[in-house]
Amino acid sequence: MYQYDKYDQQMVDTRVAEFRDQVERRLAGNLTEDQFKPLRLMNGLYLQLHAYMLRVAIPYGTLNGKQMRMLGHIARKYDRDYGHFTTRQNIQYNWIKLEDAPDILADLASVEMHAIQTSGNCIRNISSDQYAGAAADEIADPRPWAEILRQWSSFHPEFSYLPRKFKIAVIASDEDRAAMRLHDIGIQLVHKDGELGAKFFVGGGMGRTPMIAPEIRDFVPADELISYAEACLRVYNRYGRRDNKYKARIKILVHELGKEEYTRQVEEEFAHMKTLGLNPPVEELARISEYFADPAFDTNASDDLDLSDPDFNLWVDQNTEEHKQAGYAIAVISLKPTSGIPGDASSAQIDLMADLAEQYSFDELRVTHSQNIVLPHVKKSDLYALWQKLDEAGLAPANLDLITDSIACPGLDYCSLANARSIPLAQKISERFADLGRQRELGELKLKISGCINACGHHHAGHIGILGVDRKGTENYQLLLGGSAAEDTSLAKITGPGFDEDGVIDAIETVTDLYLKERQEDERFIDTYRRVGMAAFKEAIYG
Amino acid sequence: MKIITGNDLKTGDVTWWTGSDWSRHVEDAVDVGENFEAVMQEEEATRRVNVPYAIEAEMTDDGPRPAHIKDRVRALGPTVRPDLTLKPADPDAGNWVI
Amino acid sequence: MVEAIRFRDDDTHEEPAVSIEAFLDQSNATAVRIEAGEDARLLLPLLDRLALVEIDFPAFGDGRGYSAAQILREAGYNGELRASGDVLVDQIAYMRRCGFDAFAPDAPIDAKVMDEALGRYDEVYQATTDDRAPIWKLRHG
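Chains as they are written, first to last, in the working numbering: chain D, 1 to 543; chain W, 1 to 98; chain Y, 1 to 141.
For the record, the hints were derived by calculation from the structure and aren't laboratory data.
Please note that a few of the clues may not be correct.
[To be verified] Listing some non-contacts, in silico: residues in chain D with all C-beta distances to chain Y over 12 angstroms:
| id | residue |
| --- | --- |
| 1 | Ile-139 |
| 2 | Pro-163 |
| 3 | Ser-173 |
| 4 | Pro-280 |
| 5 | Asp-298 |
| 6 | Asn-300 |
| 7 | Asp-317 |
| 8 | Glu-431 |
| 9 | Val-532 |
[What the hints assert, rightly or not] With a straight-line Cα cutoff of 30 angstroms, these simulated DSS-like cross-link-like pairs (lysine-lysine) come out:
| id | chain 1 | residue 1 | chain 2 | residue 2 |
| --- | --- | --- | --- | --- |
| 10 | D | Lys-259 | D | Lys-247 |
| 11 | D | Lys-199 | Y | Lys-137 |
| 12 | W | Lys-70 | D | Lys-77 |
| 13 | D | Lys-77 | W | Lys-10 |
| 14 | W | Lys-70 | D | Lys-167 |
| 15 | D | Lys-165 | W | Lys-70 |
Even glycine gets a Cβ: it sits at the ideal position worked out from N, Cα and C.
Required output: the full structure, derived from the provided sequences and hints.
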């Protein structure tokens, strides 16, 4: 994986010093909260319900054991012994003191990490496929491209006060594991005439007005990537709406201008940008790519697995994925135990995952947008030993992509924007559907819960989505069906009137029962829903 | 009744205006009537509190209870982690929150 | 604390700035003021007539002026480029990178804090109109 050179290190070290100075000025009263807020947000520091919250960037979700261990250290030393892995492939801490924040950033910088631009109206942490570099179906590793974009977007002087936040994802396979088309810019690496380049999708997003990004260019060569991204951003910075923050995302601009007009303006700007020398040379992509070269796989590793332990067998079947290298597997650690808090991990669990990465996965981990952790390169002959250690630590739920592998935002338990709690719902659903046989009978079922319309829990993209709302001071939950964040991207629709907490769980059971009744052959829930349509589900729920 | 809440500037802790100082316990909050703008301005200017705001609350036998669910959650702590609330030893402490 | 900041050697331009509309209408104005949201490109055919362009920031979070400045510098404008309005000390380094060389902030700025901020980052990741060599160029010569 990528390693900082002296320049990268100097940038993060300088950022620590800068933020230390800004915090001192705030504490001394030389900055008002209004003035300080954008500065702290650009270092990932929010003021939430109970305390400050710090969001640490995990660029494209990739980190090594040492970095992971530092995340555990921060949880222990500065927080309350746990962290929360998020749908942006980041980690956030809920109980941070402002006066500690500069020291935390310094600790992060010591392992080549930071919290730069994890909030604010700027270009956020670049996300990517959590199986990058390991997936059997990718045409290239998307992370060097994501790293080029990370450096370009860090401290970007023109694009740090955008109309609204800006999220970019890069993938390199036809299967989309990163919700690419629900980003402000989604990039898919593609080949054209033997050359690797980027297909651009612009104007997707969730939030209160969900949209699927349309394709605006089928190919941008590697040596024009930054010019093209600059063009996309400049048109947005100039013309994105600033009169209404709910209409300020680029999706609204693309929608209001129309894809053709937005594309025309970008192309015009791109023609100009190309003359300015903004692009790193291809040698820079080559330099970065070397860091992402394959680890030293054992090419004689065997594909044989002893599956005689039935629990191990279930875990292998559900939580491992095909690796590009014979004899290896991608192993997914589910952070969704029954009654657990989706995405939360204790410092001890974080440390253990760091150890296991070093021991079994060439010192690499990934964070997924569905709030799980990946060990990307595990030799199949090591899987049993790995599973036993995970199981001992409560890290081996065999529920990847099943109904209890839900995404949930922090909700009203932690978040100052939330209208309703999300976590208790995820917990109750995991209890109602705790029987693994029943979950497996239901098959792939993406359940996503948001505690407000901002959709951090991706409810629009859930096969089943839940949106918490405030109805006259009490929590109320709307049920949505038919969303997908994968390559078959679709937006879920609301079934009808909302429910209380138990009511919405009953409704989910009604919906899954209907699916089991209507299912043909090996249809997934989403397939049956698409074939049968909303009406039948509505009828079953509301009568 | 109206009470004032905010967060401690340095630590981020949730705090409540007691009439002369800030307390972590909502039970210590006092009714400020309509006299909250001046208190908030003064306290924010001296940086004893960050982003204060006034809310509706109801006086009960156990002390003031915020009207809105969000401030009730703030008053005690996350409902899903009773061990991290202000009253971790009391299993019934959160009964009034939701 | 300072209210007017200038990084130019020439004399301050005294003529009051007119609106883009007025400038395009009258041939003899040499200073123009761009409001947030106005199209800086309207000035491009007439850049050689201009000695001062003032770009207004109605709120510090309104970043349109950064792009307006870049557009003018990219087109070769080398007169004074002044940021006015809600300009905060922690923004001046980015504004300098976008080509601003004068500042008229609504609230006075602590010169010491500004100097520290301007000197803080030794290197930069992006190529902009300030002609500093980006890190990728330093890496590859």
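Against the structure, the hints:
For Ile-139/D, the shortest C-beta to C-beta distance to chain Y comes to about 24 angstroms, beyond the 12 angstroms cut-off, and the non-interface label holds. At roughly 8 angstroms from the closest C-beta of chain Y, the C-beta of Pro-163/D falls inside 12 angstroms, breaking its exclusion from the interface. Remark: the non-interface label on Ser-173/D is consistent with the geometry, its nearest Cβ contact in chain Y lying 27 angstroms away (cut-off 12 angstroms). With a minimum CB-CB distance of about 4 angstroms to chain Y, Pro-280/D fails to clear the 12 angstroms threshold, and the non-interface call is violated.
The beta carbon of Asp-298/D sits about 34 angstroms from the closest Cβ of chain Y, which is more than 12 angstroms, so the claim that it is off the interface holds. Every Cβ of chain Y is farther than 12 angstroms from the Cβ of Asn-300/D; the closest lies at roughly 38 angstroms, confirming the non-interface assignment. Asp-317/D, annotated as away from the interface, keeps every beta carbon of chain Y farther than 12 angstroms; the closest lies near 44 angstroms. For Glu-431/D, the shortest C-beta to C-beta distance to chain Y comes to about 44 angstroms, beyond the 12 angstroms cut-off, and the non-interface label holds.
Every beta carbon of chain Y lies more than 12 angstroms from that of Val-532/D, the smallest distance being close to 47 angstroms; the non-interface claim holds. Simply put, Lys-259/D and Lys-247/D have alpha-carbon atoms about 17 angstroms apart, close enough for the 30 angstroms limit, and the pair holds. The straight-line distance between the Cα atoms of Lys-199/D and Lys-137/Y is roughly 26 angstroms, inside the 30 angstroms bound, and the hint therefore holds. Pair hint Lys-70/W plus Lys-77/D holds up; C-alpha atoms about 28 angstroms apart against a cutoff of 30 angstroms.
A C-alpha spacing of about 17 angstroms is found between Lys-77/D and Lys-10/W, which places the hinted pair at or below 30 angstroms, so the restraint holds. Distance hint between Lys-70/W and Lys-167/D is fulfilled; the C-alpha atoms sit about 29 angstroms from each other, no more than 30 angstroms. As the CA atoms of Lys-165/D and Lys-70/W are separated by approximately 25 angstroms, the hinted pair is consistent with the 30 angstroms bound.
Consistency note: the structure conflicts with the earlier hints numbered 2 and 4.
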